[in-house]
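Colleague: Protein chains in written order, with my numbering: chain D, 618 to 869; chain L, 618 to 869.
Do not take every clue at face value.
No copy labels: a pair is met if it fits in one copy or bridges any two.
[Said to hold, decoys possible] In the DSSO-like style, the derived pairs of lysine-lysine whose C-alpha atoms are separated by at most 27 angstroms in a straight line are:
(1) Lys823 with Lys651
(2) Lys640 with Lys704
(3) Lys648 with Lys823
(4) Lys678 with Lys695
(5) Lys823 with Lys625
(6) Lys678 with Lys823
(7) Lys678 with Lys634
(8) Lys823 with Lys704
The set of hints was computed from the structure by calculation and includes no laboratory data.
Next come the chains, spelled out residue by residue.
Protein chains: 2
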Amino acid sequence: MLSNAQSKYIRSLTQLKYRKQDKVFIAEGDKIAKEWLSSAAPVQMIVATQDWADAHHPLIKAHHEAELCIVTEQELEKVSALQTAHKALLVVPMPEAEQKIPDTGWCIALEQVQDPGNLGAILRIADWFAIPQVFCSPGSVDVYNPKVVQASMGAFLRVDSQEIELETLLHRQPELPVLGAVLNGDDLFAAPLPSSGILVVGNESKGIRPDTQRQLSHRIAIPRAPGGGAESLNAAVATGIITAFWVNRTSS
Amino acid sequence: MLSNAQSKYIRSLTQLKYRKQDKVFIAEGDKIAKEWLSSAAPVQMIVATQDWADAHHPLIKAHHEAELCIVTEQELEKVSALQTAHKALLVVPMPEAEQKIPDTGWCIALEQVQDPGNLGAILRIADWFAIPQVFCSPGSVDVYNPKVVQASMGAFLRVDSQEIELETLLHRQPELPVLGAVLNGDDLFAAPLPSSGILVVGNESKGIRPDTQRQLSHRIAIPRAPGGGAESLNAAVATGIITAFWVNRTSS
C-alpha cells in the first residue's frame with residue numbers, strides 16, 4: 618500500500634520542476650522495469666502489484682537500496698502518468714550526464730523537439746545504432762517526461778542525454794562535422810558524409826533555426842520520390858533514415 | 618455559432634462507429650484545413666474562427682458544397698478531438714478506396730499497428746516516397762482516428778488507405794514480392810531487394826505474426842550497430858528506414 622505522502626510524491630514527478638528538484642524520474646511498465654532492475658543502475662522505489670513482485674522476486678531482491686511498495690492495480694493507476702497503467706513503476710535517480718562528446722564523435726543534438734513520442738523514438742534510434750549521446754536544447758521536451766521514458770523503451774540505461782545550448786555544444790568541439798537536414802540540402806544517398814559527427818535535428822514544424830543552419834558543415838536532405846506529395850517527414854522518422862544510412866555507409 | 622445538434626454530430630465523429638456510419642471524418646488544424654480546401658476533395662462542413670475564415674476567404678468560397686460555421690476559439694475547443702484546439706476544423710467524406718494494388722506494386726501493409734502517431738507517420742512516409750497505398754489489417758488503429766489524421770499532415774489527400782485482411786491482400790496478387798522485417802532477417806543494406814512490392818509492418822510489440830511471416834518472399838532486418846543496445850526500433854522509424862533505402866536503391 619502507498620501512503621498519501623508516497624502517492625503525492627510519485628504524482629509530483631509527472632511535473633518537470635519536481636523531477637529537477639529531486640533529480641529522479643519515473644520508469645513505468647513491465648518491460649522497462651525488468652530491464653532497469655536487471656541493470657546496475659540504482660533504484661529509489663519499486664511500486665508493483667503482488668503478482669508482478671512474485672514473478673520478479675530475484676530482480677527485486679537484488680535492489681536492497683530500493684523501497685518496495687506492493688499495491689493493487691487500482692492504486693497503481695492513481696499514481697501512473699500513463700493512460701494505461703502497468704503492473705510496475707520505478708522511481709529512479711537521473712544518471713550523471715557526460716560533459717563531453719566522446720572522441721568517436723557520434724552524437725545527436727535536438728533543437729526544440731517538442732513531441733515526447735519523437736524524443737523517445739530518437740533515444741531508441743541512438744541506442745540501436747550505438748550513438749552514446751543525445752543532447753537537447755533548452756525548450757525541447759524534457760527527456761525525463763514519463764511519455765518520453767515510455768517511448769524510449771529502456772534506452773536511458775545506455776544512452777546519455779543532457780540539456781545544453783546547441784551553440785555551446787557546437788563550439789566546444791569545433792573540429793567535429795555537423796550534419797543537418799535542410800531544404801535544398803544535398804541528397805543523403807549521394808552526398809559525401811564524414812566518418813562521424815553531430816547530427817542536428819530541428820523542431821517538428823520549424824526545422825533547424827537559421828543560426829544553427831549556418832554552423833552545419835554538411836547540409837543534407839532525404840530526397841522525396843518523384844510524385845511524392847508530403848511537405849516533410851516526421852522528425853523521428855527522418856532522424857532514423859539519416860542515422861541508419863550514415864552509420865551503414867561509415868561501417869561498410 | 619454551432620447548434621447543439623452540430624456540436625453533438627462533430628463530437629460523435631471522434632468515435633469509430635459514427636465515422637463508419639456516416640462515412641466522414643474530422644481533419645483539424647490550420648495546415649491540414651488549408652491543404653484540404655486547396656485540393657479538389659469535397660468538404661461537408663467548415664468550422665472556423667472569424668479571423669481564420671477572413672484570412673482564407675477564397676479557399677472557403679471555392680467550397681460551395683460545404684456548410685460554413687463561424688465559431689469562437691472556445692466553441693472550437695469544445696468540439697475538438699485534439700489536446701490543443703486549432704482555428705479550423707473540417708468534416709470531410711472518406712475517399713473511395715482503391716480495391717487493387719497499382720501495377721507498379723508499391724504498397725505498405727500494416728498488421729495491427731496500434732499507435733495513432735505511428736500510423737500517421739507511416740502515411741507521411743508513403744506520401745513522401747510516392748507509395749500510393751497503405752493497407753491496414755482489422756485490429757489496426759483506425760486511419761480516420763483524429764490523432765492519425767493530425768499526424769499524417771495531409772497525406773490522406775494523396776495516399777489511399779483501406780482496411781483489409783492481410784491474407785486476402787497477399788493472395789490477391791501473389792506475384793508481388795512481399796518484404797518484412799523479422800528477427801535474423803537479411804541485412805537491409807546488403808540483401809537483394811525486388812524492384813517493388815508490398816512492405817509488411819508488424820504490431821509494435823509483437824512484430825509480424827508467424828502466419829504472415831511465412832508469406833514473406835524477402836525477410837530483412839535493419840542491422841543493429843555493434844554495441845547497440847535497443848531491442849527494437851519504433852515501428853514508424855523502421856518503416857521509414859526500410860522504405861527510404863528500398864526506394865533509393867531501386868531508383869538509382
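Colleague: Look at each hint and say if it fits the structure.
Modeller: Here is how each hint holds up against the structure:
1. Lys823 with Lys651: For Lys823 and Lys651, the Cα distance is within 27 angstroms only across copies (18 angstroms; inside one copy 38 angstroms).
2. Lys640 with Lys704: Answer is within; shortest intra-copy Cα gap is 24 angstroms, inter-copy 39 angstroms.
3. Lys648 with Lys823: Close across copies (13 angstroms), not inside one copy (34 angstroms); limit 27 angstroms.
4. Lys678 with Lys695: within (26 angstroms within a copy, 50 angstroms between copies)
5. Lys823 with Lys625: Answer is neither; intra-copy 37 angstroms and inter-copy 35 angstroms both fail.
6. Lys678 with Lys823: Answer is neither; intra-copy 48 angstroms and inter-copy 29 angstroms both fail.
7. Lys678 with Lys634: neither (31 angstroms within a copy, 48 angstroms between copies)
8. Lys823 with Lys704: Between copies, since 19 angstroms is at most 27 angstroms while 39 angstroms is not.
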